[in-house]
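Protein chains: 2
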Amino acid sequence: MKTKERSSENKICPLEVAVNSISGKWKVPIVWQINEGKKRPSEFLRGIAKVDRRVLNQQLKEMEQDGILTKVSFNELPPRVEYSLTELGEKLVTILWMLNDWGKLMIPAEED
Amino acid sequence: MKTKERSSENKICPLEVAVNSISGKWKVPIVWQINEGKKRPSEFLRGIAKVDRRVLNQQLKEMEQDGILTKVSFNELPPRVEYSLTELGEKLVTILWMLNDWGKLMIPAEED
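As they're listed, the protein sequences go chains A and B. Under UniProt numbering, the first sequence is numbered contiguously, ending at residue 112. Under UniProt numbering, the second sequence is numbered contiguously, ending at residue 112.
Hints should not be assumed to be uniformly reliable.
[Said to hold, decoys possible] With a straight-line cut-off of 20 angstroms between C-alpha atoms, the simulated SDA-like cross-links for lysine to any residue are:
#1 K104(A) x D52(B)
#2 K38(B) x E16(B)
#3 K71(B) x K104(B)
#4 K91(B) x D52(B)
#5 K104(A) x E87(B)
#6 K104(B) x K104(A)
[To be verified] Sample of chain B residues lacking proximity to chain A, with all beta carbon distances greater than 12 angstroms (derived):
#7 S23
#8 K38
#9 P41
#10 S42
#11 V55
#12 P78
#13 S84
No lab work stands behind these hints: they were computed from the structure. Even for Gly, the Cβ is constructed at its ideal location relative to N, Cα and C.
I would like the entire structure built from these sequences, with the hints used as guidance.
Put into structure tokens, the structure is as follows:
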């Protein structure tokens, strides 16, 4: 009774998948940082106020699993890790720019 | 010391505003329901599994305040309430379609 439940009853909604994949609190800022040329976790920590290292690592891992980021580990001392956007991640950036423009419409114009 | 803090120190990021405004758990499904022609809270409750009425009302209220939805109350017995998308909400729908397409790329193709 259990096997086909997921695919037949709750058909998977791509929009839900998409929203879930970017709704971690720091995921959009991380994508933004990488888009701006940052590569290393230490740079993300500096660029994103208030995120702690453990949470950052968890979100990086999830985004790597989702195919948004690629992680490259350099076999150096001290070890170096760099992240970059996959093709999927680059496409997300395009949509985030549109969301950014949309967000501007929500901010009341300042008068001074 | 407090007055100018918000606008000068933490400059407002439109993308953050945008993401915050749609990150309530049921907000995207609500926009989707309205886009599909649903108007009344009772219809949203039927269309969205698992949301409870109190949470639904809270999210509707926030989206109305954010200028995404318009609420019209009809002075009838029993009272009738209908929601529709504002121009801002219609623009969001366009972006959600793009996110939906992007989400499709994250779903592995089924073989059967």
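Right, here's what the structure says about each hint:
no. : hint              : verdict
1   : K104(A) x D52(B)  : 31 angstroms, violated
2   : K38(B) x E16(B)   : 28 angstroms, violated
3   : K71(B) x K104(B)  : 32 angstroms, violated
4   : K91(B) x D52(B)   : 27 angstroms, violated
5   : K104(A) x E87(B)  : 14 angstroms, holds
6   : K104(B) x K104(A) : 27 angstroms, violated
7   : S23               : 6 angstroms, violated
8   : K38               : 16 angstroms, holds
9   : P41               : 21 angstroms, holds
10  : S42               : 22 angstroms, holds
11  : V55               : 16 angstroms, holds
12  : P78               : 32 angstroms, holds
13  : S84               : 18 angstroms, holds
In summary, the numbered hints that this structure violates are 1, 2, 3, 4, 6, 7.
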